[in-house]
Amino acid sequence: MAVVEQTKDDQDVAPLSLDPQAAAGRRLGKMMVAPGQLLLLLLVLFPVIMEVYLSLTTWSPSGGTDWYLAYQDWTWFSNYWEGITSRRFLETILRTGVITVAAVSLEFVLGFCLAVLYAERFPLKRVFTVFMLVPMMVVPAVSGFVFFLLLQSDGPVNSILSLLWPGGDVSIPWLIDPTWALISVILVDVWQWTPLMFLILLSGILAVPEDQMNAAGILGASWRFRLQTLVIPMMKPIILIALIIRSMEAFKLFDAAWLLTQGGPGEASTTISVLLYRQAFLSSQWSYVAALAIIVMVAISVIASRAIRPLEAGQESR
Amino acid sequence: MDTKKNDLPDEKGKSGLISRKSFLAVAGATGLSATLAACGGGSSSSSSETTAAATTAAADTGTTSTAMMGPSGWDGADAFQYTADSAPGRAIEGAKALKASGNAPEVLVVGMYPGAIGNFTEPFPKGAKSVQQVWEEETGIKIKFVPMDAGQTYAKNMQAASRKDGAQNLVVLGMSENGDLANAGLLLDLTDMVDKYKPDWNDPVMGYVGGDTTTKLMNYYDGKPYAIGVDGDYQMWISRSDLFEDPKEQKDFKAKYDYDLIYPETWDQQRDMAEFFHRPDQGLLGSTDLRSPGWGWINFVTRYVSTANPAQFYWDDQMNPLINSPEGLKALNHLVETTKFGSKDALTWIWEEQYGNWGQRGAAMSSSFSNLTKFMKPGSPLDPKDSGSVTHGTNQPGWMVGDQLVRHSSLYFNAAVGVNAFGPSKYHEVSYLFGQWISSGQIYTWITANPGGYEDIVKQYSLTNPLVETSYTKNTTETMGQIIPGSCPSISSLRGAPDYIQSLDVNLQKALSGQSSPQDTLAAIESEWNAITDKIGREEQARIWVASKAGWATNPNTSA
Chain A
18 MAVVEQTKDD
28 QDVAPLSLDP
38 QAAAGRRLGK
48 MMVAPGQLLL
58 LLLVLFPVIM
68 EVYLSLTTWS
78 PSGGTDWYLA
88 YQDWTWFSNY
98 WEGITSRRFL
108 ETILRTGVIT
118 VAAVSLEFVL
128 GFCLAVLYAE
138 RFPLKRVFTV
148 FMLVPMMVVP
158 AVSGFVFFLL
168 LQSDGPVNSI
178 LSLLWPGGDV
188 SIPWLIDPTW
198 ALISVILVDV
208 WQWTPLMFLI
218 LLSGILAVPE
228 DQMNAAGILG
238 ASWRFRLQTL
248 VIPMMKPIIL
258 IALIIRSMEA
268 FKLFDAAWLL
278 TQGGPGEAST
288 TISVLLYRQA
298 FLSSQWSYVA
308 ALAIIVMVAI
318 SVIASRAIRP
328 LEAGQESR
Chain B
803 MDTKKNDLPD
813 EKGKSGLISR
823 KSFLAVAGAT
833 GLSATLAACG
843 GGSSSSSSET
853 TAAATTAAAD
863 TGTTSTAMMG
873 PSGWDGADAF
883 QYTADSAPGR
893 AIEGAKALKA
903 SGNAPEVLVV
913 GMYPGAIGNF
923 TEPFPKGAKS
933 VQQVWEEETG
943 IKIKFVPMDA
953 GQTYAKNMQA
963 ASRKDGAQNL
973 VVLGMSENGD
983 LANAGLLLDL
993 TDMVDKYKPD
1003 WNDPVMGYVG
1013 GDTTTKLMNY
1023 YDGKPYAIGV
1033 DGDYQMWISR
1043 SDLFEDPKEQ
1053 KDFKAKYDYD
1063 LIYPETWDQQ
1073 RDMAEFFHRP
1083 DQGLLGSTDL
1093 RSPGWGWINF
1103 VTRYVSTANP
1113 AQFYWDDQMN
1123 PLINSPEGLK
1133 ALNHLVETTK
1143 FGSKDALTWI
1153 WEEQYGNWGQ
1163 RGAAMSSSFS
1173 NLTKFMKPGS
1183 PLDPKDSGSV
1193 THGTNQPGWM
1203 VGDQLVRHSS
1213 LYFNAAVGVN
1223 AFGPSKYHEV
1233 SYLFGQWISS
1243 GQIYTWITAN
1253 PGGYEDIVKQ
1263 YSLTNPLVET
1273 SYTKNTTETM
1283 GQIIPGSCPS
1293 ISSLRGAPDY
1303 IQSLDVNLQK
1313 ALSGQSSPQD
1323 TLAAIESEWN
1333 AITDKIGREE
1343 QARIWVASKA
1353 GWATNPNTSA
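Quick mapping for you: the protein sequence lines, in order, are chains A and B.
Position one of the first sequence corresponds to residue 18 (the working numbering), numbered consecutively onward.
Position one of the second sequence corresponds to residue 803 (the working numbering), numbered consecutively onward.
Only chain A is shown next, with the shape it has when bound in the complex (with noise of 0.2 Å):
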């Protein structure tokens, strides 16, 4: 019988759970990372109880009073109140969301394309992969600031679109014009982070088993079929991670918003980000930022968390 019995010298050693020295050496382990774990709920915790105090109070910098003594100016929720009636707000919460939408939805549409081209060998394929992925890896900043030299009415861009588009004279007014400017975010957004995108999914696609894309083809599945009915089934949590992921960064954008145009002409590229900084440092209204700023985290974390559902139900589906 293949049961482990329990010999008399087994019942000699003490469980794991009572061992002394283990004891001693779990408490032990607990006091050499408590100041780290303290150290790290304070920066977490503490600035979050601050912002929440604040965004309760009317309480500004030029006030000149100190922010512990926001308390004097009490005012309960009606920051909360006027972010959620202010027209200037919810208007700049759609902006942003309709950025986030088509900037993610373009890059996702291209990252998937590359991401099924670079499934396969070609020639010079790693050297085409760093070209890929140089975009992500130059500082936003930089790249808000080169976009806005290259999207002037008589910059290179439309040049070049002159030379390509029969009859010539092609001057788009990228970032003078609220519609035009709302696409040049977009486009900017797209060209650096598409390579993340197509990063991810890449590896969805690279980690479908291969014995069954084979087994398929063997059988005479055609490649959009085995696209439809293996890959991308398969590929879902990885799908659903990169839209999660890149919606959340997307959301947050600033710095091509206002590199190119400091979220004009007017607000019509204004995003979230961008209010915010207007607000807080443009602005010095503090109070009610912090209450702008914990609706939004708020409402994104509702919208995630709805999210990763499908994923936690497929995880206990296995």
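Be aware that a few hints might be false.
[As the list claims (entries may be wrong)] Taking CB as the label site, the calculated pair distances span:
{"#": "1", "chain 1": "B", "residue 1": "Lys966", "chain 2": "A", "residue 2": "Ala324", "range": "56 to 66 Å"}
{"#": "2", "chain 1": "B", "residue 1": "Gly1204", "chain 2": "A", "residue 2": "Leu166", "range": "26 to 36 Å"}
{"#": "3", "chain 1": "B", "residue 1": "Pro916", "chain 2": "A", "residue 2": "Leu86", "range": "33 to 43 Å"}
{"#": "4", "chain 1": "B", "residue 1": "Glu939", "chain 2": "A", "residue 2": "Val159", "range": "17 to 27 Å"}
{"#": "5", "chain 1": "A", "residue 1": "Val155", "chain 2": "B", "residue 2": "Val1007", "range": "50 to 60 Å"}
{"#": "6", "chain 1": "A", "residue 1": "Leu178", "chain 2": "B", "residue 2": "Tyr1059", "range": "52 to 62 Å"}
{"#": "7", "chain 1": "A", "residue 1": "Leu57", "chain 2": "B", "residue 2": "Lys1351", "range": "21 to 31 Å"}
I should point out that these hints are in silico values taken from the structure, not numbers from a laboratory.
In this text, a Cβ means the ideal position worked out from N, Cα and C, and glycines have one as well.
Use these hints to put chain B onto chain A, whose structure you have.
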């Protein structure tokens, strides 16, 4: 520096002895200042430039009031030298005394715009030391300049205020920031030190052009001095003399518009001339006064403030906005209409593009800082086509109000320094003295002449100084003498000024890009300004606004 042989053993008076001659000079000066004080002299000095404090300082260090101090090393340096009983002299003597008593740091930390640091650190002219070197040699106190980008000073200063950060002894700020920073406690009230050391701000020879009005505009908030203006960002209208004085252009203009081509005196003329000269196919733009975020709103202000006689204010005395009015609409309509005579990228151009275009002779007119003529010199990379030689400066155009031509320029940004109240208190006084020294007529004139930085003309003494005239042009110095006394403030000397400006700026961009009609734009600005005022407190804000009107021009037009 001169030293009278029969006076002190050495020019710094280190022996502590004092001669009968210098005793009589000190006694006479003391008596005169006492007389002036009895007559109720103002907070800054009279033309005699003597105070009891200064003479005490002079006596303490043993320096005679006639010994010359200041820069040297080139012909003409004597124009920038000063005695101990002058505003810069009192600053130096005071700083020396504070150092001797242990109330000065080894290194004074001064925030400054990066583009202006060269004014203080680059030796100019040939043979001279730098401004920084002269201060350090005369006082023994080193200076460390901390670059602070002009677009970031408000945010960084606010952060410093919230942290009670005293790392900088002197902070740099823009004119619109003084209200918020004073309220935040960052800026020290300078009243006592101004009374003690008597800067020359209102001196008819050495003071700010425009006298007390300019002093109040630049340095005061709520009736007290919190900052020391060290810049002159007045907007000068510039035109191309090679075009405006060309006989053929004059003939063609007259044929089309039925009046003579002159340098524009009214905004209506400016519009016609911009249209006439707008020839983009020939690489010439009609008028490139800026329209971009942060840079364009001042060109609305210069159109707006001249719509009434003597000037059109932003608010009434109860802080009700006056901008949503026929005057505001007139100004905004003109701004929107004339945008088409500039670059297609007018909404993104800042001063670098504007100056670069001007250097290429790419525009007929524009509105710029006076330093354009300092930078547009033969051989300068900014001036490949010698545009500087054909740049003619005038006051901003204006409007006919009844029979009176009202022409006001305005200024914005405009660097000032303030004593950091959170810095060590024993260093407050020496920090102030550095500010008094660099803002004095002699030293600031020397500073502004330096092409190493963009600090501009603001001192009366600069208008007739040959070095400044060489650095800029004679036309510029004459024009600034006309512009400054008649200028109106942009939005400043108010708590929340950056908020009002931001509201104006963002909404103007909407009008300029066609997202909003001019009427709706002005209504939006009015609404937002009221909300800002109510948030701050209307009654208090109105009181401060009324006090700030001391910085407004009372003449409708000081142009010749």
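We went through each hint and held it up to the structure:
no.: 1; hint: Lys966/B / Ala324/A: 56 to 66 Å; result: 43 Å, violated
no.: 2; hint: Gly1204/B / Leu166/A: 26 to 36 Å; result: 48 Å, violated
no.: 3; hint: Pro916/B / Leu86/A: 33 to 43 Å; result: 35 Å, holds
no.: 4; hint: Glu939/B / Val159/A: 17 to 27 Å; result: 42 Å, violated
no.: 5; hint: Val155/A / Val1007/B: 50 to 60 Å; result: 55 Å, holds
no.: 6; hint: Leu178/A / Tyr1059/B: 52 to 62 Å; result: 38 Å, violated
no.: 7; hint: Leu57/A / Lys1351/B: 21 to 31 Å; result: 54 Å, violated
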